[in-house]
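Between the sequences and the hints, there should be enough to build the whole structure, so can you do that?
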Amino acid sequence: MVHFAKWKIVLVLVICALGVVYAAPNLLPRDTVRGWAETLPRWLPVQQVNLGLDLQGGSHLLLRVEVDAVVQERLTSLVDGLRTELRSERIGYTELGVQGEAVTFTLREPADAERALEIARDLDEDLTVEIDEQNRVTARFSEDALLELQNNAVAQSIEIVRRRIDELGTNEPLIQRQGPNRIVVQLPGVSDPERVKDLLGQTARLTFHLLDEDTAPAQARSGNLPPGSVLLPSREVGPDGEPVQDYVVRRRVMVSGEALTDAQPTFQQGQPVVSFSFDSAGGRRFGDVTSESVGQRLAIVLDSEVISAPVIRSPILGGSGVIEGGFTVESANDLALLLRAGALPAPLTVLEERTVGPGLGADSISAGKAASVIGFIGVIVFMALCYGLFGVFANIALIFNLALILAVLSSLQATLTLPGIAGIVLTVGMAVDANVLIFERIREEIRNGRSPISAIDAGYSRALTTIVDANVTTLIAALLLFAFGSGPIKGFAVTLSIGIVSSMFTAIMVTRLLVVTWLRRRRPKAVPI
Amino acid sequence: MRPLRLIPSNTRIDFVGKHRIAFGLSGLLVVASILLTLVMGLNFGIDFRGGILMEVRTEQPADISQMRQSLTGIGLGEVSLQEFGTDRDVLIRIQRQEGEEEAQIAAIDRVKEILGDSVEYRRTEFVGPTVGQELIEAGTLAVVLAVGAILIYIWFRFEWQFGLCAVVALVHDVVSTIGLFALIQHEFNLATVAALLTIAGYSINDTVVVFDRVRENLRRYKKATLGEVLNRSINETLSRTVMTSVTTLIALVALYIFGGAVIRDFAFALIWGILIGTYSSVFIGVPILYYLNPRRTEEKAADAAPDPAQQGDAAS
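The listed protein sequences correspond, in order, to chains A and B.
So in this note's numbering the end of the first sequence lands on 529, straight run, no missing numbers.
So in this note's numbering the end of the second sequence lands on 316, straight run, no missing numbers.
The reader is advised that the hints may include incorrect statements.
Okay, the calculated beta carbon distance ranges per label pair [what the hints assert, rightly or not]:
#1 A:Leu412 x B:Tyr291: 29 to 37 Å
#2 B:Met40 x A:Pro29: 45 to 53 Å
#3 B:Ile74 x A:Gly169: 29 to 37 Å
It should be emphasised that the hints constitute simulated quantities derived from the structure, not laboratory data.
Note that CB positions come from ideal geometry on N, CA and C, so glycine has one too.
What follows is the structure, given as structure tokens:
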């Protein structure tokens, strides 16, 4: 143990040097380093520790994609398709409707079974269709089809969420899928996520319909609604929070928002409005609809609410138009943004929010720094008092240990959170444990009458298994914490795990190198421990 | 300068002889902890219960009673306010709102409306019912798996008797920490679970060090009684046990005092955990071995594997 192979010495020195070099950028102000990153050669380490949202301030949102809504929608359109097909084929049926995750109906004539099943299969190839003895037909999506539906909905939602957030000009947002149907959104620097939540809370599906002017809203409310029409509330709400008006709108979508190429907030006669333009196919269709229906009213519907229903005075042939609807400047801005970014395939629900203002973040950083420095000094002084020169060796190792932790955090770009700082402080306390074990063992061996070299040698070799056993058990706890923890707690597990590994290295290898060098130079008769 | 010694080098304290007192005390502690937890319950934070937490800073020292008055009776249910760190910082906790996630967001808006823009919103967190349930499950699973994995590791490295003792000591530490949180009604949240796992790791760490020495001494002093070997092992490692606890406590006390209000409960739990973990490895973990009598199996293992002590001698 006292013998130290040349390559090992080199390895220890290289690792320590790398640790210092990679940790160094963290000692400088952030902006300075950022400036350097552009001018310095790329191989130089200029990465700093990535601060978590709890330290730099920002907002963390966990969203759920309501995939069920997509499934329900597809089932509803399947019902519509079946109704049309069965009627045109003159197949008698009853009780057609959505039952849970399936569409069911009962045939009047058992003889129609073959044809009915064929119709259903032709409508959607992802369907599995069954019929039972009571002539009840059940059509449901296969597991694979549902999974694909879910994956598509989530992937598409992430894309739309990204576009909407990019439109807001947020700095380095992080948008990630989590689990089967969730999206994590992290917005550094955003301390008031209300606007973001508002924007993400709308699916923003825009459709143009003709108004059903033959049916009065009052009539529709009493249940007297023609099958091709639907009663929709106005988007504008009165002082009592209720929509000011209801509209009876024809179900048929004339043109939808998918055909939009651009939308911008602008002013018309002093009022904020949103101007939009269609792609060529959409523009043609919009032109056709407006030419055929001059004098009728066109309902502009966003997420099942009518924004406005202007009268078509003349055909709109240019493929562009404006939406009026009593907007404020901000709501016109938001609508234009939503229309540009596109509609979400399914509604999103915010499951969890954690927002930290910049003030608290800065306070946490300075408090964390103070605690680390004071804890560190306390431990260093105590070690020097208890173990003298050997304590100083352990303290040098501790400094390299901290450098290594910072270096690993910076180069992995792992996130440092406030609990993460706590992990580092805890590591400082526990890191000296390995040295304490070794030094106590050396003391014992000296008491047993060994020579300095022999005692030091025995101290290191005998303490080694204990150190490994003790640290592996703590590492197990830390790794499980990493696997099951979330957010800031994960940060704690990260620094604790890195700290355990690096402290084993520094406490065993670095102090040994120092002790061995000291032994060779001084050839002491007694060990000052 | 003479190095400072916290523990004299040749202590001969009869730890094993006193085990009845320690077992009695610890038994009482564990039973009391379980009863306290059952009777008083834990003050679960929003991580587990769902709900809203807001930290606000006012320009002048906060008038908490006035704030409480304006926030209660607006239909948000139970609202608790508490000074947090300084007299300008107030922590507002609002119970989980009836209904789905939207209801929680609406409640946050309502509070912001009432408090207005004159206060600085330093932190806003809400956890919906779905996530809360999942966090409870993940937290429990992590603690159970950690205990299991540590047990398996000790079993693998030592004999089963050691593993069992270590886990008894660990459960003792974790349960009494939970009991303490029930007693003082500090908030029990995700950070507390992290603290529990860290305490588990530390407790085992501490116990394993003594076990290592027990294993070594069992081989070395074959004629000594088990009680003598256990006592000798605890005494020989006592200095290390105390030293490591003190260095860790120095760091944690710094964290408790200077780390800010957000981290204070976490540091508090860890400080308690280090104290109880140190006590339990000396007074509980090792003395239980006395009853499980691990000697015979150890001798077999010692015959099979070369003695590390002899290896060390050969190398010097």
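Quick rundown of the hints versus the structure:
1. A:Leu412 x B:Tyr291: 29 to 37 Å: Given a distance of about 47 Å, which is not inside 29 to 37 Å, the answer is violated.
2. B:Met40 x A:Pro29: 45 to 53 Å: holds (49 Å)
3. B:Ile74 x A:Gly169: 29 to 37 Å: holds (35 Å)
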